[in-house]
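Novice: One letter stands for each residue in the lines below.
There are 2 protein chains.
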Amino acid sequence: MTDLNEMIIPTFDDVIAAHERIRPYIHRTPVLTSSYLNELTGAELFFKCENFQKAGAFKVRGASNAVFGLSDEQARNGVATHSSGNHALSLSYAAGRRGIPCHVVMPRTAPQAKKDAVRGYGGIITECDPSTSSREEVFAKVHAETGADFVHPYNDPRVIAGQGTCSRELMEQTDGLDAVVAPIGGGGMVSGTCLTLSTIAPSVRIYAAEPEQADDAARSFRAGHIIADDAPETIADGLKVPLKELTWHFVKNHVTDVLTASEDEIVAAMMLTWQRMKIVMEPSCAPPLAVILKNPEVFRGKRVGVIITGGNVDLKKLPWMKG
Amino acid sequence: MTDLNEMIIPTFDDVIAAHERIRPYIHRTPVLTSSYLNELTGAELFFKCENFQKAGAFKVRGASNAVFGLSDEQARNGVATHSSGNHALSLSYAAGRRGIPCHVVMPRTAPQAKKDAVRGYGGIITECDPSTSSREEVFAKVHAETGADFVHPYNDPRVIAGQGTCSRELMEQTDGLDAVVAPIGGGGMVSGTCLTLSTIAPSVRIYAAEPEQADDAARSFRAGHIIADDAPETIADGLKVPLKELTWHFVKNHVTDVLTASEDEIVAAMMLTWQRMKIVMEPSCAPPLAVILKNPEVFRGKRVGVIITGGNVDLKKLPWMKG
Numbered sequence: 096m097t098d099l100n101e102m103i104i105p106t107f108d109d110v111i112a113a114h115e116r117i118r119p120y121i122h123r124t125p126v127l128t129s130s131y132l133n134e135l136t137g138a139e140l141f142f143k144c145e146n147f148q149k150a151g152a153f154k155v156r157g158a159s160n161a162v163f164g165l166s167d168e169q170a171r172n173g174v175a176t177h178s179s180g181n182h183a184l185s186l187s188y189a190a191g192r193r194g195i196p197c198h199v200v201m202p203r204t205a206p207q208a209k210k211d212a213v214r215g216y217g218g219i220i221t222e223c224d225p226s227t228s229s230r231e232e233v234f235a236k237v238h239a240e241t242g243a244d245f246v247h248p249y250n251d252p253r254v255i256a257g258q259g260t261c262s263r264e265l266m267e268q269t270d271g272l273d274a275v276v277a278p279i280g281g282g283g284m285v286s287g288t289c290l291t292l293s294t295i296a297p298s299v300r301i302y303a304a305e306p307e308q309a310d311d312a313a314r315s316f317r318a319g320h321i322i323a324d325d326a327p328e329t330i331a332d333g334l335k336v337p338l339k340e341l342t343w344h345f346v347k348n349h350v351t352d353v354l355t356a357s358e359d360e361i362v363a364a365m366m367l368t369w370q371r372m373k374i375v376m377e378p379s380c381a382p383p384l385a386v387i388l389k390n391p392e393v394f395r396g397k398r399v400g401v402i403i404t405g406g407n408v409d410l411k412k413l414p415w416m417k418g
Numbered sequence: 096m097t098d099l100n101e102m103i104i105p106t107f108d109d110v111i112a113a114h115e116r117i118r119p120y121i122h123r124t125p126v127l128t129s130s131y132l133n134e135l136t137g138a139e140l141f142f143k144c145e146n147f148q149k150a151g152a153f154k155v156r157g158a159s160n161a162v163f164g165l166s167d168e169q170a171r172n173g174v175a176t177h178s179s180g181n182h183a184l185s186l187s188y189a190a191g192r193r194g195i196p197c198h199v200v201m202p203r204t205a206p207q208a209k210k211d212a213v214r215g216y217g218g219i220i221t222e223c224d225p226s227t228s229s230r231e232e233v234f235a236k237v238h239a240e241t242g243a244d245f246v247h248p249y250n251d252p253r254v255i256a257g258q259g260t261c262s263r264e265l266m267e268q269t270d271g272l273d274a275v276v277a278p279i280g281g282g283g284m285v286s287g288t289c290l291t292l293s294t295i296a297p298s299v300r301i302y303a304a305e306p307e308q309a310d311d312a313a314r315s316f317r318a319g320h321i322i323a324d325d326a327p328e329t330i331a332d333g334l335k336v337p338l339k340e341l342t343w344h345f346v347k348n349h350v351t352d353v354l355t356a357s358e359d360e361i362v363a364a365m366m367l368t369w370q371r372m373k374i375v376m377e378p379s380c381a382p383p384l385a386v387i388l389k390n391p392e393v394f395r396g397k398r399v400g401v402i403i404t405g406g407n408v409d410l411k412k413l414p415w416m417k418g
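If you're matching them up, the sequences are chains A and B in order.
If you're matching positions, the first sequence starts at 96 in the numbering used here and goes up one per residue.
If you're matching positions, the second sequence starts at 96 in the numbering used here and goes up one per residue.
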């Protein structure tokens with residue numbers, strides 16, 4: 096890792112080390128193709144299916160790298176985070192595999208199913224009020240009381256190096272790509288993709304796909320500095336969080352473009368994937384296919400990797416069931 | 096094939112020939128595992144995922160074997176069938192690949208989505224009234240006018256030999272099995288499984304799984320002769336059809352037991368598979384997992400193949416959305 100203006104920037108050596116470290120705890124997920132979707136888009140699409148990953152999402156890569164990179168002394172107090180999504184599940188899973196505690200601060204308003212899932216993986220939940228100030232206050236208390244290692248969902252070099260193992264596998268599993276498209280929220284997956292591809296396949300273009308209704312990364316990309324949204328609302332609930340300095344570093348330096356899709360386009364792409372590929376994936380996975388369908392001039396004739404980031408969806412609340 | 100009391104009984108040589116014949120037109124579908132479901136059932140489960148098959152179902156194996164086994168002269172007039180389900184889709188797909196017409200007789204009350212799907216694969220639909228007599232009358236007319244080759248959805252030796260390729264792959268993809276569980280409707284998949292396993296792995300027990308509300312195979316199995324239900328109603332809509340003489344031959348001779356599950360158990364098993372395995376499968380695929388969960392004494396400690404037969408489901412009408 097290199098130290099840049101007080102930020103620790105992970106390097107590709109960190110990705111290689113992460114891959115060795117986490118290999119026993121993660122799946123090498125399959126890459127699926129669909130002749131129907133190839134015909135529809137005019138591109139050749141390679142779907143890296145992290146919905147089949149342990150704990151149901153790519154985030155287990157970064158979380159496992161953080162957990163298993165701790166010294167025994169550091170690990171003794173466990174790990175801690177604030178998240179109500181896949182990072183909480185993934186960190187709980189990884190900590191459980193190592194046999195150390197995982198403390199998760201979650202708003203008390205989070206769905207019961209999410210709380211149950213975190214507890215199912217052995218996570219210890221401390222509830223906060225559904226506000227940033229309460230979350231920070233409660234997290235600081237938990238952190239101080241437990242001495243646990245804080246693993247941020249994405250603004251952490253260990254997490255980004257872990258996420259970088261996904262596109263490393265994708266490149267091994269395909270015979271060359273022209274582009275990779277990944278959804279962007281906080282930017283952990285996109286940063287890991289940038290880190291890996293800028294080293295091993297620098298000619299591959301990297302596109303980030305984002306909901307129009309949470310387009311902070313697109314606006315940041317055009318403005319040249321981080322712009323955070325104020326409480327965006329989108330069906331792609333994993334993509335509401337803003338970029339932070341570490342992920343912005345990668346987006347700014349390596350992403351070709353940030354493309355956006357409307358809510359309707361996201362739901363249509365999600366439904367199309369379920370119908371045609373017969374896989375269960377989250378709404379947050381759908382923006383890449385949505386932007387590929389929306390921008391045929393960018394992708395037609397190209398070999399395109401698409402990261403399907405996770406499959407933890409509430410089957411009783413599917414977006415096309417509305418109304 | 097051997098001729099038994101005027102029935103043409105396919106042999107394992109027919110399965111080998113079918114496999115060669117259909118290989119260019121079908122997927123060798125993956126076998127997935129789930130550590131969660133293994134823990135839950137106490138068995139080691141190997142899911143053969145025919146939901147990822149061409150046209151979305153195993154039925155494309157038998158349909159392709161029938162279509163590509165025709166001589167050029169026989170093929171000229173195309174093929175014909177009556178079905179509103181996966182056989183109609185699969186036969187249309189296979190005929191399209193060979194470039195010959197496929198005539199499908201369907202009740203005019205069939206969902207528009209199914210008609211569109213058949214037409215999407217190039218099938219030519221002739222509508223009938225939703226009664227057996229109308230279907231037979233209209234089919235006889237279409238058959239006479241076109242001279243097309245009739246490919247029955249399951250009571251056809253070419254179809255059964257084609258379905259037998261599925262368990263042949265499953266045995267190649269796993270390191271030995273104690274049992275295989277497949278859903279049973281008309282018995283095409285179960286018969287193909289019996290045909291293959293009785294030759295290449297005769298110690299593997301074969302279980303057929305069926306909805307309690309359409310338990311004609313279970314009752315036939317106990318009675319020792321075919322009993323057909325009168326218009327059964329079940330969420331597993333692919334399993335409503337009765338056994339016929341050819342499939343009964345295989346069930347009677349090679350099936351260890353026919354186990355049944357209630358509608359609630361089927362829906363629960365379906366939802367569990369979607370949630371944990373992140374795959375989209377039809378209600379008709381769920382009875383095998385339901386009976387494994389229901390009869391732990393039969394399956395615990397065993398290595399069990401489970402045939403996931405198809406993934407063509409109406410995402411806007413999922414069974415857990417009721418009420």
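No wet-lab data here; the hints were simulated from the structure.
Take the hints with a grain of salt, since some may be wrong.
One copy or any two copies: either way a pair holds, since identical chains are not told apart in the list.
Stated by the list, open to error - The calculated SDA-like cross-link candidates involving lysine to any residue, where the alpha carbons are at most 25 Å apart (straight line), are: (1) K209 - P414; (2) K335 - E358; (3) K210 - R371; (4) K412 - S298; (5) K389 - G191; (6) K397 - A313; (7) K397 - E264; (8) K210 - A363; (9) K210 - P125; (10) K236 - G137; (11) K412 - E307; (12) K389 - E267; (13) K209 - Y131; (14) K412 - P206; (15) K209 - S129; (16) K412 - N390; (17) K335 - R314; (18) K209 - M102; (19) K236 - E307; (20) K397 - G242; (21) K210 - S129; (22) K397 - P327; (23) K210 - N133.
Novice: Compare the structure with each hint and give your call.
Specialist: Here is what the structure says about each hint:
{"no.": "1", "hint": "K209 - P414", "verdict": "both (18 Å within a copy, 22 Å between copies)"}
{"no.": "2", "hint": "K335 - E358", "verdict": "within (13 Å within a copy, 39 Å between copies)"}
{"no.": "3", "hint": "K210 - R371", "verdict": "between (31 Å within a copy, 17 Å between copies)"}
{"no.": "4", "hint": "K412 - S298", "verdict": "neither (40 Å within a copy, 44 Å between copies)"}
{"no.": "5", "hint": "K389 - G191", "verdict": "neither (42 Å within a copy, 29 Å between copies)"}
{"no.": "6", "hint": "K397 - A313", "verdict": "within (23 Å within a copy, 52 Å between copies)"}
{"no.": "7", "hint": "K397 - E264", "verdict": "within (19 Å within a copy, 33 Å between copies)"}
{"no.": "8", "hint": "K210 - A363", "verdict": "between (29 Å within a copy, 21 Å between copies)"}
{"no.": "9", "hint": "K210 - P125", "verdict": "neither (29 Å within a copy, 33 Å between copies)"}
{"no.": "10", "hint": "K236 - G137", "verdict": "neither (53 Å within a copy, 41 Å between copies)"}
{"no.": "11", "hint": "K412 - E307", "verdict": "within (22 Å within a copy, 29 Å between copies)"}
{"no.": "12", "hint": "K389 - E267", "verdict": "neither (28 Å within a copy, 42 Å between copies)"}
{"no.": "13", "hint": "K209 - Y131", "verdict": "between (34 Å within a copy, 17 Å between copies)"}
{"no.": "14", "hint": "K412 - P206", "verdict": "both (12 Å within a copy, 24 Å between copies)"}
{"no.": "15", "hint": "K209 - S129", "verdict": "between (31 Å within a copy, 20 Å between copies)"}
{"no.": "16", "hint": "K412 - N390", "verdict": "neither (29 Å within a copy, 31 Å between copies)"}
{"no.": "17", "hint": "K335 - R314", "verdict": "within (14 Å within a copy, 55 Å between copies)"}
{"no.": "18", "hint": "K209 - M102", "verdict": "neither (32 Å within a copy, 56 Å between copies)"}
{"no.": "19", "hint": "K236 - E307", "verdict": "neither (36 Å within a copy, 55 Å between copies)"}
{"no.": "20", "hint": "K397 - G242", "verdict": "neither (49 Å within a copy, 45 Å between copies)"}
{"no.": "21", "hint": "K210 - S129", "verdict": "between (35 Å within a copy, 22 Å between copies)"}
{"no.": "22", "hint": "K397 - P327", "verdict": "neither (32 Å within a copy, 50 Å between copies)"}
{"no.": "23", "hint": "K210 - N133", "verdict": "between (38 Å within a copy, 23 Å between copies)"}
Of the hints listed earlier, those the structure fails to meet are numbers 4, 5, 9, 10, 12, 16, 18, 19, 20, 22, in rising order.
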